[in-house]
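K.L.:
One-letter residues, chain by chain:
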Amino acid sequence: MNIVVCVKQVPETAEADLKIAAGGKGIVEEGLALQINESDNYALEEALLITEEHDGDITIMTLGHESSEEVLRMSMAKGAGTAVRVADPAFDGGDAIATATALAAALKDVEYDLVLTGCMASDDGATQVGVALAELLDIPHATYVTEVEVGSGEVTVGRELEGGLIEKLTIKLPCVLGIQTGINEPRYASIMGIARASKREIELKSAGDMGLDASSVGAAGSGTVLEELTFPPVGEGADILEGTPSEASGKLADILKEKGFV
Amino acid sequence: MAVSLQEKYELLGCIQCGRCTAGCPVSMRTYLNVRRVVYDGMTGVGPTDAKGRPEAWNCTTCSNCTERCPKGVKPMELIIGLRSAAIEKGRIEPTIRDALESTFKHGNPWGRIRDKRTEWADELSVPVAAEGEAVPFLFYVGCTPAYDPRAQSIAKALVALFAAAGVEYSTLGTDESCCGNEIRRMGEDGLFEMLVEGNRELFGGHEVGTIVTASPHCMNTFKNEYGEPTPDVVHYSQLLASLLEAGKLTFKGKVEKKVTFHDACFLGKHNGIYDEPREVLEQIPGVTFEEMDRSRERALCCEGGGGRMWLEATEERGERLAETRVKDAVELGADYLVTACPFCLMTLEDAVKTSGNEGKIEIIDLAELAAMAL
Amino acid sequence: MNEILVLAEHRGGELRDVTFEMLGKAGALAGASGGAVTALLLGAGVRDMASRLTSYADEVLVVDHGNLTDFNSAVYQPVIAEVVKSREPSLVMVGHTAFGVDLAPSLAVALGLPLASDCIDVVLDGGAVSVTRQIYGGKVDARLSFRDSATALVTVRAAAFPVEDGARSGSVTELDTPVSDEPAFRRFVQYVEAAIGDVDITKSDVIIAVGRGIKEEENLALVEELAGLLGGVVGCSRPVVDAGWLPKDRQVGSSGKTVKPKLYVAIGISGQFQHMSGMKAAETIVAINKDPKAPIFSEADYGIVGDLFKIVPALKEKIAEARA
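Residue numbers (this note's numbering), protein chains in the order written: chain A, 123 to 384; chain B, 144 to 517; chain C, 1463 to 1786.
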């Protein structure tokens, strides 16, 4: 069972005070820690668990700048055998489908039974790449996957629907699965493991290497155009109760009492 | 072939006397049996990593076992080695994993971003060294006093004390990174080395002369594990004691309280600093100081060390040691149980609640108590 | 602008809210641009649903076929592609739901359409479509336009638009678009309901919900105590379930439960839309979060900015005092 896992390096923004960069088309990434996208990390773990049980090799693949090799090395430290970085300035600014186009080209000469991706990137939140990739490769797919059971020539998966409902499907291999967070418990990659992995080769694939016309990928090949970034308008929002924890809590307790909750 | 545990940790000297287990504070309340771990290591029996031997995660690295061993065997290092082996396999508790990943990404084990490291000082005027600026006297805040809302008051109290005593110091602001003491004890050797290298470079770049730390854990690793040459490192209790002796620090206020002192393992057992905190306590006007039965070398561990801030004990039995400690202090009739370690502060404060002693006793850091008397 | 095509989504014989939300928005857009609203309904025995949709659309296109009973993107997608190809609408709207995200990207690739997903607003300016979607977990809004394409495809976030009463009286058109058998490569097996635990949070008037900010499982005791004081139950956002600290049936949000309690206290929850869509209907919402810019504050009635580990204990005390 050979598995390709497509991952993305994203900035960690949960706690950060974000700034929009000059030009209004990106955020200031300086000072933000970079990490593997959360659901991609679960996809990698799922691949490791599957190959531990069913043998096979894992190819870890990303489309990104040189910094994203850190994610590849971390993945190799965890057990991925081969690492590929789809790397070309031509890929810059691509939307999700342009990204999937480049990844699909990179997968052309890779032998795989299964492709795993995270179901959503935490930065752009597009939720598109895995499904688009499957269509481009002309293989079946499922996304929001929270259960995977490997059978003979097929997988049975559970997809998470709204309201906590699970949709069970069987899908023939090869296929693409978009993995949802919480499906497993991702392991740790030790720094020594990462250091050992950093001695291993990362294969680079440019648009030219893959026979891709630069106009079909990146910003030029994207059907959507990013016009501008803004901060969401500050809505009416909450009545913020000011003061020390004790003072603010006191105000809240009074409100709750007034409303009959206390 | 890999080096066996027996060779790596020189276990053959062990005579199975059991002094290690007898002195192990967590053997009372978990299934960690240090003598057994050493025996299995010596004879090559049983799992060789903490994944197969989860009780190895219960160790607080208080070092009692190593101190007590008549043959010079270092069981604590063996236990850390078992953890390292689990870490190499990547199979560790998620809370430990998250602490390690956070330290790698953000330079602290608390999952907080680097930008917020100086948040504690937002309302204060705390000097931050400019890039390349020489720092003869560095206040190394440490991750827990920098980020933890409870422990932040230690850092705040210390800068008030420094100001009162006219101490010229600087901090490293958001450039400061984790010292690695807990990281090494969790068994993440590679990350520890990375931190050592980064911090040595940082200290070197600022030509740091002396470091004062808020936490005994940071002091311990800087002093004992960073290799030569290192700046002089002191714990703040040592600094306060010397400032008092030199007459630079004087207490104008009064704290009319009965207090007792909990020796942090990394201050006491690991580094022999027992007298200085007591000297500070005794000079605070109004304070009545009384020792608990188990004090100094015999002090009970609070279970906050060795990575245990990020992990509950497995297969617990009996009460938490911190609860025992709080009960001891309550029995003594103390108003304040004073400690000089942010981890002890947090574990003991938790224990006040879980042992139902709220309102009966307060846990306070020595720096906070000293600042109250300014 | 000629036609806005909205894909009707249903499950278990019920049209889902997102369908009416999209139709309402499509109606407003069509009204401003002089276009028409078309609903596309695929399913088996969906006549009743079709007639209900006529109040919201100018035309309801129906493909009624036994193979369309349960959603399967492998069966649905070629049918929808065929309809879109023949009608060439300016805009196709699909819900950004578990069904929509499994379908829209492959539809976009198959037809060569540009796709903007998870949109919270759609604007028509002249004939040009632009959308707003949120990135970085809702911290930044991105406005996107579409590169010269006759048809723009968007997926629309659930609850981004209100459900309004339908005031149209559209016609129903049965299409005879061919429907394939369920392919062997992707077969629907069954729907499985998540196991019901001891607590049904949807039945409680008071929910104290915790998120990632709670940091450790053992800290749950803190909110359980608060819930006890207020006679409520403890719910949570997704990360708490992912971490295994609370069972799935305690999760509030699009992939968990939708709740409408009288009081909802969100503690250490930043307010990702997936969570907020499950609780925004609560009567009174209180948020406690250390990040003043957390999206949860925009949905809350009352907020306290600060460290939950200080505020929750203080709040417990104050509630006890207020009661005394």
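Please note that a few of the clues may not be correct.
The calculated lysine-lysine pairs, modelled on DSBU-like cross-linking and capped at a C-alpha distance of 30 Å, are [claimed, not checked]:
#1 C:Lys1677 - A:Lys373
#2 B:Lys299 - A:Lys321
#3 A:Lys147 - C:Lys1755
#4 B:Lys232 - B:Lys397
#5 B:Lys248 - C:Lys1755
#6 C:Lys1772 - B:Lys470
#7 C:Lys1710 - C:Lys1547
#8 B:Lys400 - A:Lys141
#9 B:Lys194 - C:Lys1665
#10 A:Lys141 - C:Lys1601
#11 C:Lys1772 - B:Lys299
#12 C:Lys1710 - C:Lys1742
#13 B:Lys395 - B:Lys299
#14 C:Lys1601 - A:Lys147
#15 C:Lys1677 - B:Lys299
#16 A:Lys381 - C:Lys1547
#17 C:Lys1772 - B:Lys248
#18 A:Lys373 - C:Lys1710
#19 C:Lys1601 - B:Lys259
#20 C:Lys1778 - B:Lys400
#21 B:Lys366 - B:Lys397
#22 C:Lys1742 - C:Lys1724
#23 A:Lys290 - C:Lys1722
Simulated from the structure, these hints should not be mistaken for laboratory data.
K.L.:
Against the structure shown, which of the earlier numbered hints fail to hold, in ascending order?
P.N.:
2, 4, 7, 8, 9, 16, 18, 21
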